[in-house]
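Student: Residue numbers (the working numbering), protein chains in the order written: chain A, 1 to 155; chain B, 1 to 211.
None of these hints come from the bench; they were simulated from the model. Computed from a predicted structure; not experimentally measured. Just so you know, even glycine gets a beta-carbon here, dropped at the ideal spot from N, CA and C. Some hints here could point you the wrong way.
To be verified - Quick list of simulated restraints, FRET-style, between CB atoms:
hint: 1; chain 1: B; residue 1: 55; chain 2: A; residue 2: 128; range: 50 to 56 Å
hint: 2; chain 1: A; residue 1: 115; chain 2: B; residue 2: 120; range: 22 to 28 Å
hint: 3; chain 1: B; residue 1: 7; chain 2: A; residue 2: 128; range: 27 to 33 Å
hint: 4; chain 1: A; residue 1: 42; chain 2: B; residue 2: 94; range: 28 to 34 Å
hint: 5; chain 1: A; residue 1: 128; chain 2: B; residue 2: 97; range: 50 to 56 Å
Stated by the list, open to error - Looking from chain A toward chain B, a few residues come up when the C-beta cut is under 8 Å (computed):
hint: 6; residue: 39
hint: 7; residue: 42
hint: 8; residue: 47
hint: 9; residue: 75
hint: 10; residue: 78
Next come the chains, spelled out residue by residue.
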Amino acid sequence: MVGIVVVSHSPRFAEAAVALALEMVHGERPPIALAAGTEDGRIGTDPMRVSEAIAEVGSSAGVLVFMDLGSAVLSAELALDLLGDPGFEVRLTSAPFVEGLLAAIVGAAYGADLDRVHQEADGALLAKRMHLGGEDTALAPAPSPGVPGRSEVAG
Amino acid sequence: MDNVTLDTLTDWLSRFHAAVTERRDYLTELDSAIGDAEHGANMARGMAAVMAKIDVARPGTVDELLKTVGMTLVSSVGGASGPLYGTFFLRMGIACGAVCELTPEALGSGLRAGLDGVLQRGKAELGDKTMYDALFPALEAYATAVAAGSGAPGAIDAAADAARLGRDATVPMVARKGRASYLGERSVGHLDPGATSAAMLISSLAAAMAG
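Just chain A, same shape as in the assembly:
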């Protein structure tokens, strides 16, 4: 199964996001490793821990890495450098953290390959977007601060 690595600033956030996703898994779980918080228990990320987490869940099926924000992304990229060639494929995904993790964990549990798991994670916001009024609206740039969300255009 594809391995999943969860990089977050907060261990509680990462654990909760994984627990939420695992509610959908009723059979064998894919390998999942967390790299969340710093070594001394603060909010933050640790590139060394990310490398270890990748190695823990790595197999020929590959690994997909989720990151929450900011330094999580830099730490994950640095972890790849530190890892060199681990002998399996590792990808970082820009998928939404909660929805993407759910899609990837479910996909991996059902035996999807890395391409498929990655694709499902990246597309995981679609259902929410559609529900809230269609993809086009969701993708439009956010209005600048101070500008009313609904413009009144005189006919």
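Fit chain B to the known structure of chain A by using the hints.
Tutor: Frame of chain A; chain B shown alone:
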């Protein structure tokens, strides 16, 4: 005779540690305006770990010293400055090689390799309100001074001046990187904490060279 020795580089780190520790609250205050209010604490903790590490390891070459610094920062900082400053020192160490002292040119290319690493890691551009805005003009000033025949101390003085100007120029910028970027226009009017610590990095080197 104008070469930069391992002792000077160690003194640089020690002065940088002192600078971020002394100005820890100031850096944190800057970071509380546009970040997670951790920069001062993160840098002080990271550099304290660095000093403890090199005190025990006593690296015998420039690359060993700088790689130890880089790896320690990577694993002890926790915020974005860990990977960024860590990459800076790792790349600088690799570029400098297993030598015991650096010519002014070698110091310049080492710093440049470090900056290239920061750029590759952070993908910042000039004007994004980051440490790059202080470091880039600093290294340009250094290279210009060395090319004009200046020794390393004079060149690094010029670099420190340029870094301070670069730091101050971040005030009117809109943050485009890191968590500050979520603030958009609201980040205008604040000094960038990363550019501020980066200017300290260069002025600490200037102070170490001045002795």
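Student: Let me make sure I understand: some of the numbered hints might not hold for this structure. Which ones are they, in numerical order?
Tutor: 3
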